[in-house]
Amino acid sequence: MELFLQQIVAGVATGAIYACVALAVVMIYQAIHHLNFAQGEMAMFSTYIAWQMLQWGLPYWLVFPLVIAISFVGGFAIERIVFKPIENAPVLSHIVIFIALFAIFNSFAGFIWDFTIKSVPSPFGEGPLWAGAMIGKHQAGMIGVTLVVLALLWGFFTFTRVGLAMRAAAVNPESARLVGIRVSMMTALGWGMASAIGAVAGMLIAPVVFLEPNMMLSILLYGFAGAVLGGLTSPLGAVIGGFIVGVVENLAGTYIPVIGGELKLPIALFLIVAVLLVKPAGLLGRRVVQRV
Amino acid sequence: MAMSDETMTGAAAGPKKAAPVPKGRAAATGTNSALGQGVFLALLAVAVVLPFVLSGFKVFQMTQLMVYAIAILGLNLLTGINGQFSLGHGAFYAVGAYTAAIMMENLGIGYGWTLPVAGILCFVVGFLFGLPALRLEGIYLALATFALAVATPQFLKLTPFEEYTGGVQGIVIIKPDAPFGLDAVLNADQWLYFFTLVVGLFLYWLARNLVRSRTGRALMAIRDNPIAARSMGVNTSVYKATAFGISAMFTGVAGCLGAIVIQFVAPDSFTFALSVLILVGLVIGGVGWLPGALLGAAFVVFIPNVAEEISKGLAGAFYGFFLIAVIYLAPQGAGGLLRALAAKLSR
Numbered sequence: 155m156e157l158f159l160q161q162i163v164a165g166v167a168t169g170a171i172y173a174c175v176a177l178a179v180v181m182i183y184q185a186i187h188h189l190n191f192a193q194g195e196m197a198m199f200s201t202y203i204a205w206q207m208l209q210w211g212l213p214y215w216l217v218f219p220l221v222i223a224i225s226f227v228g229g230f231a232i233e234r235i236v237f238k239p240i241e242n243a244p245v246l247s248h249i250v251i252f253i254a255l256f257a258i259f260n261s262f263a264g265f266i267w268d269f270t271i272k273s274v275p276s277p278f279g280e281g282p283l284w285a286g287a288m289i290g291k292h293q294a295g296m297i298g299v300t301l302v303v304l305a306l307l308w309g310f311f312t313f314t315r316v317g318l319a320m321r322a323a324a325v326n327p328e329s330a331r332l333v334g335i336r337v338s339m340m341t342a343l344g345w346g347m348a349s350a351i352g353a354v355a356g357m358l359i360a361p362v363v364f365l366e367p368n369m370m371l372s373i374l375l376y377g378f379a380g381a382v383l384g385g386l387t388s389p390l391g392a393v394i395g396g397f398i399v400g401v402v403e404n405l406a407g408t409y410i411p412v413i414g415g416e417l418k419l420p421i422a423l424f425l426i427v428a429v430l431l432v433k434p435a436g437l438l439g440r441r442v443v444q445r446v
Numbered sequence: 379m380a381m382s383d384e385t386m387t388g389a390a391a392g393p394k395k396a397a398p399v400p401k402g403r404a405a406a407t408g409t410n411s412a413l414g415q416g417v418f419l420a421l422l423a424v425a426v427v428l429p430f431v432l433s434g435f436k437v438f439q440m441t442q443l444m445v446y447a448i449a450i451l452g453l454n455l456l457t458g459i460n461g462q463f464s465l466g467h468g469a470f471y472a473v474g475a476y477t478a479a480i481m482m483e484n485l486g487i488g489y490g491w492t493l494p495v496a497g498i499l500c501f502v503v504g505f506l507f508g509l510p511a512l513r514l515e516g517i518y519l520a521l522a523t524f525a526l527a528v529a530t531p532q533f534l535k536l537t538p539f540e541e542y543t544g545g546v547q548g549i550v551i552i553k554p555d556a557p558f559g560l561d562a563v564l565n566a567d568q569w570l571y572f573f574t575l576v577v578g579l580f581l582y583w584l585a586r587n588l589v590r591s592r593t594g595r596a597l598m599a600i601r602d603n604p605i606a607a608r609s610m611g612v613n614t615s616v617y618k619a620t621a622f623g624i625s626a627m628f629t630g631v632a633g634c635l636g637a638i639v640i641q642f643v644a645p646d647s648f649t650f651a652l653s654v655l656i657l658v659g660l661v662i663g664g665v666g667w668l669p670g671a672l673l674g675a676a677f678v679v680f681i682p683n684v685a686e687e688i689s690k691g692l693a694g695a696f697y698g699f700f701l702i703a704v705i706y707l708a709p710q711g712a713g714g715l716l717r718a719l720a721a722k723l724s725r
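Chain order of the listed sequences is A and B.
For what it's worth, my numbering labels the leading residue of the first sequence as 155, then goes sequentially.
For what it's worth, my numbering labels the leading residue of the second sequence as 379, then goes sequentially.
Pulled out of the complex, with its shape left as it was, chain B reads as follows (with noise of 0.2 angstroms):
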């Protein structure tokens, strides 16, 4: 057949930078500047109020914001530091959320030992589904990860494992009470939220020094340009896996989180939607822009709160023509925009 004779040139497939990326170091690494540390401690000061004012609805939203925030750290270390693409973080989150249910409710595990080990399980499960991704690139990786997201409530409902995982049905988790006596001062809500925060604050900071160490300049040297940084001695193949191990890890854990604060899994929970909320979360609150996290996740918790009150039904909608804004005014989201400003101002 003619049509199949068709190839690639070298002008058709010329170059293409893998993504939107903030310019200069401290752009990429965060909260730098006098400027960054006094938002940083406000932030906190906040943050450490809020639980004791909000109702305590508006607590647990809140604590489900922080949760959201941390995925999309990791999917921001891996697609803003490391440049690769994933449509697929819900599985990992997934991963994370099951491995809290299963040693909670079935093991009879205390939550906070389901941490760490939701932390090293999606590492592996990440390393491992990122060795045979390091061979794809761009829109082949989206793609593999596309059918991850896609599959992996299907793999979640697996008869062998039903005995673990309840099936269809799930798992309930039992909300934990604080601990140490501190359940005089903080009742079960105000207690996950503090919980989520110093784990969230502890994985940010994490983030920060990763990015900033050696590892995380090989990081952003392949993602800028794979063949340089090859040439300059980088094994590509290995961080390029290690950084979606990594990455995976930081959305486990926030499942891990999810789940304990959600108090239920099931598959339909995980399913392409979760990832596509990722994501959405990433590109909004800036791509490569850490602190962007916090800004993208409380665009995903809130928004379609607002989109539903305006219309029902319509949250989708609302989702899909932000984001077409967003590339289309501000391709590096609100980080970009508030570097913009804060840049206007500083002059």
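Just chain A, with the same shape it has in the complex (with noise of 0.2 angstroms):
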């Protein structure tokens, strides 16, 4: 029973990076129908940027924030860049083109800063939450930020007239457009939005698995997975299917005894092809209707 319960809160506290990714996912696929294959390596590449700051001497809680509005800038500025010429573009070459930033990402982060692993601290510390508690410091932390970043989103999309419009922008982009909505624009927010959000992610995780190029590749399937399974269209679903992907991988890995520390990827191959087929819009999501 220790051991379950132990897993469980394991499993909840990898699940909260998972959710995290999860939710740049979603906030791409709000604003473009499209899942950005890039998403890992662009958080990975702003993870490098904290790690960079952080060798300079600057503290801690000056990075994170610093961080997340390069990011933000960053995202938005691919997507004007890169993506909004090829608006139209069939669907392969949009596939493509986050092939193409995925390699580039890759290859830059591996050039700049070469492929020997780094550490990242902590900044919530190490140990555990309180003597003898089953969760550390750091775990908790993960979560807490998740939750905070899911609040901070739901507040932005209910409460503000930009969430608004980006709501409407995805929602109907043609009667948003008519009634002033600048529906290209909301689609970059987008874009700085889930890149942010993703080098949140990046900058959480990093103290747990170690810095490297190929980070982030893992933990984007299982952020596919949780974004697949609580619904494409919902935050709030990605970041309970986040939970739940963290917490399946760590039972699975812990009780079937084939699967051990191993097959632990093949399980998010297994869980992304079981919603899909099974309930393709996800725990919360809505059912995509296509007008023929």
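No lab work stands behind these hints: they were computed from the structure.
Every residue gets a Cβ at the ideal spot worked out from N, C-alpha and C, and that includes glycine.
One should not assume that every hint holds.
As the list claims (entries may be wrong) - Part of the chain B face toward chain A, derived, beta carbon under 7 angstroms:
1) P510
2) Y518
3) A522
4) V661
5) A695
Please dock the two separately framed chains into a single complex, following the hints provided.
In structure tokens:
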């Protein structure tokens, strides 16, 4: 029982990261109805920027918002520069550009900061939350930050004019344009926010998995699994999905002998395929109806 | 939560074309014209002479080029002809490669026999993966295959199969010599080159005939307008799953040849990067244009070397910028450029 509880707590903690990545995935999906395969690499790159600033001796709680801001601008710029010109291109073109961005970020990170593993300090400190607690300080911090991000997003979409405009642009671009919303600007804003959320996820996970150019690939896959499970149209669903994926991953790794530590990625594959087959809309998402 | 109330309306999800495809049937079916045949014969002549004038390593590289060309050809049948995406063809390549390695080293079977076995096995695997993928369109199919590609190395490292797959260590394969007393004329590298060339020509012939057949027309009809195809009596699910199987078969045979040529398989040779490489080759060569596979393969084999010379470790970035440039300037790849040039010349 002790082990079981411990695994669930650990699962919830890793799930917080997947939830963050899933949130970023959903943000982009809302804006452009695509999955950003470069999301993980963008987050990785943001994390490297954070590491570099920490190396320069800046305090963590200055670096944190600074990197989020830089990532926001970066994501915004990528949408404006790379994706604006091919807005109406076929799906394959978009996928190819995502893959291209993936390669560019991965390669540049390796080029600038080389491929050796780097450790990033945790802002929440080491050790358990309190003496004898099952949960570590950093794990608790990860869960807390994820929930704060979710709450901020909810507030933003519910109470601000820009949030309302973004929702309108996502639901019905034509009508949104008619009432004076700059739909393409909303798309770019979505990219910026997704990139910023990705940066948060990257900075939170780096103390756990260590920083290296390929660190986000498998995390992105779990993030996708969480987003699909929760429903690609629902931020709350994405967070719930991310937590579920984290717990399932940990429990399966502990209790199914074949899986052990090594078969964890295929779990994500099975989850994705299973959800897409059984309930493509996910837990909280709305079914996408296409008019022919 | 308010945000979850959002639904995609018809306006947001208007019908989108699946892939950039060349116009007209002749373009899609490859060499048809006299010009095309002339180019084909000239290329073949060069291909036959090449291994006798190039150094050993260059011959090896050319063999690898042909191997990738076959893999790209497989993906082209799926994406270019049938309009389905795959970011996970590295997985089928891996299945083919491991089939060759296990049959040759564990079971002591001759390398020639590994090709049909790898082909059939990959067809089955591809068909089975294609079945659930039928319900997934566009971006979701890309997601499922992405997951497949990322998970592949871990599948290969599975402990229960370690006895056969060699686990993380992988399997070393002994390079076959030329048979029938040909070893007096050809060294092992040259023999593998010609072996790959013949297999490649055969597969290309197969692919071309497939595209020109009734089945090929059905596949293209599904790509261009699935609903119309269905109402014309095309069984879309069977054709789509079959297309997945055939595509996987081509890529699997390529993997099989690749393993024999490189003489080594290990889980970390079949990462997501391999799937990316096949996709890059497809886009550069031209989606929907079969001969483009050769150009795409040449790009993925030689460009990393060039990029490494310019700046170490930047091959990926080079790929990336090149891909973006292709999508902007020549969305139909090298094939589209060549066709435009040929159209200008023949006017």
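Hint check:
At a threshold of 7 angstroms, the smallest CB-CB gap from B:P510 to chain A is about 5 angstroms, leaving the interface hint in force. A cut of 7 angstroms between beta carbons decides the hint on B:Y518: the least distance to chain A is about 6 angstroms, and the hint holds. Hint status for B:A522 relative to chain A: holds, with the closest Cβ pair at about 6 angstroms, below 7 angstroms. Hint status for B:V661: holds, given a least beta-carbon distance of 5 angstroms to chain A, under 7 angstroms.
This hint holds: B:A695 has a C-beta 4 angstroms from the nearest C-beta of chain A, less than the 7 angstroms allowed.
Every hint from the earlier list agrees with this structure, and none is contradicted.
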